[in-house]
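Based on these hints, arrange chain P on the given structure of chain U.
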Amino acid sequence: MTLTVVDDVPYLDVANPKFSIRSQEVKDARTRSWYARTTYGIAVLRYDEVQKLLRHPKLRQGSYLWPQHNGVEGKFARWWCDMLLCQEGDTHARLRRMANPAFSPKLIADLQPKFQALANRLIDQFIDRGECDFIADFTEPYATGVICDLLGLPFDRWRELADMAADMGLALGVTFKQDLPKIEAAIERLFQYAEEVVAERRANPTDDFVGMLVQANRDKAQLSDQELLDMIVLAIFGGIDTTRNQIGLAMEQFILHPAQWALLAEQPDLAKAAVEEVMRVRPTVTWVTRAATETFTFNDLEIAAGTTLHLYSQAAATDPALMPDAEVFDITAERKPHFGFGGGAHHCLGHFIARGDMTEALKLLAQRLKNPRFNGEVEWLPDSGNTGAIRMPIAFDRA
Amino acid sequence: MKINVDMSICLMHGQCVIAAPQVFSFNDAGDLVWLTDVDDALRADVEAAADACPEQAIQIEA
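Protein sequence lines, in the order shown, are assigned to chains U and P. Going by the working numbering, the first sequence runs without a break in its numbering and finishes at 399. Going by the working numbering, the second sequence runs without a break in its numbering and finishes at 1062.
For reference, chain U alone in the conformation it holds in the complex (with noise of 0.2 Å):
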């Protein structure tokens, strides 16, 4: 690599709560460069080189380096590092191999009807109304609902594990710090919480995801106790916030789109795709990360051990270099796959569920809300890390 190289690249203030991950500023850096360079490392920008960089032999999942990167220690910072995301090799496969028969996609005929049942009844409460925060009154019920249903929890206490939910996934974005002491109080709320369910399931065994747990914990060399609660904190936190977020964003997107909306209400098939178009244009995962491992050089570029990539999903699978239209949201459009639920060794873990769920919920929505509109001010997290809406007052026509 030589310097001018070095000079010719752009740099992302990206640790800026201002940065937009969509802003002309990062499309003109996707122009200019494959990469470019950022406060936490690289910013990889472009469709072919996500793709690869994804699966390289020299990188591994690079999210262990994040509480770092913030300067950050504590409960939250132990679990993160601790947890199926951040493991790797043997360890990683023991718990992804434990938790993978929960999330297979031969459950999801059986959940459909209960997700069709759950957002039905959540927009019977607001549709009278003519409006709502669709946040507080439908993506925050929805998501932890479907968790609760599929962990065996009671769906009575939703709003508060919602709210846990929701505190700590603002340590996913660029203002981890300044929020420390909120996530922090959050964790050891779930992991009492957790603790209580393991108490339960104890007393009264079950078949399902934690109770499967339960029962594998009887072998601490097969689940440890902590590896227990980790695991459970982490079906919890990552159901509930990436899809609270993700179905925000959908709605966004549709509202910007209205005649999407429309064509969504008149062919509900449309809305397993609409989820993946959504997904594609607007993740909630605004870059997945990687670390690398060992020095290597990669399209000319020399990347040293332990450098982190963020892998920008979003910029990459918009890039009008790869599509004429990548940029525009259309549902009907054929499209390359995405990269929304991260890939390789790592990828979500929860996918199935979480198409599954979305698809239901967009379906619903798109048939009983006629014309969503914004009526009020929205309130965002930053546009970057683990983005996605706080609140959105929406009003909307009766169907």
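Rather than coming from a laboratory, the hints here were simulated on the basis of the structure. Don't take each hint at face value.
To be verified - A few chain P residues that face chain U, going by a derived Cβ cut-off under 10 Å, partial list only:
1) L1011
2) M1012
3) H1013
4) A1019
5) P1021
6) D1051
7) P1054
In this text, all values refer to a predicted model and were calculated from it rather than measured experimentally. For glycine and all other residues, C-beta sits at the position ideal for the given N, C-alpha and C.
Frame of chain U, contents of chain P only:
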């Protein structure tokens, strides 16, 4: 039991390698390789691999 992987949809996540390491692996060139005819003793692992494949690219015959 015969195993087929539809390489037109496989995205090389390697979830099958995690689920059934005796059947699926990556070779030195980074390509996915697998045993096409496998003893029934490994059926549970192979089914877990087919299940876990994010792209649902693995087919099991008889």
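Determine which of the earlier numbered hints do not hold for this structure and return their numbers in increasing order.
Going through the list in order, the structure violates no hint and respects every one.
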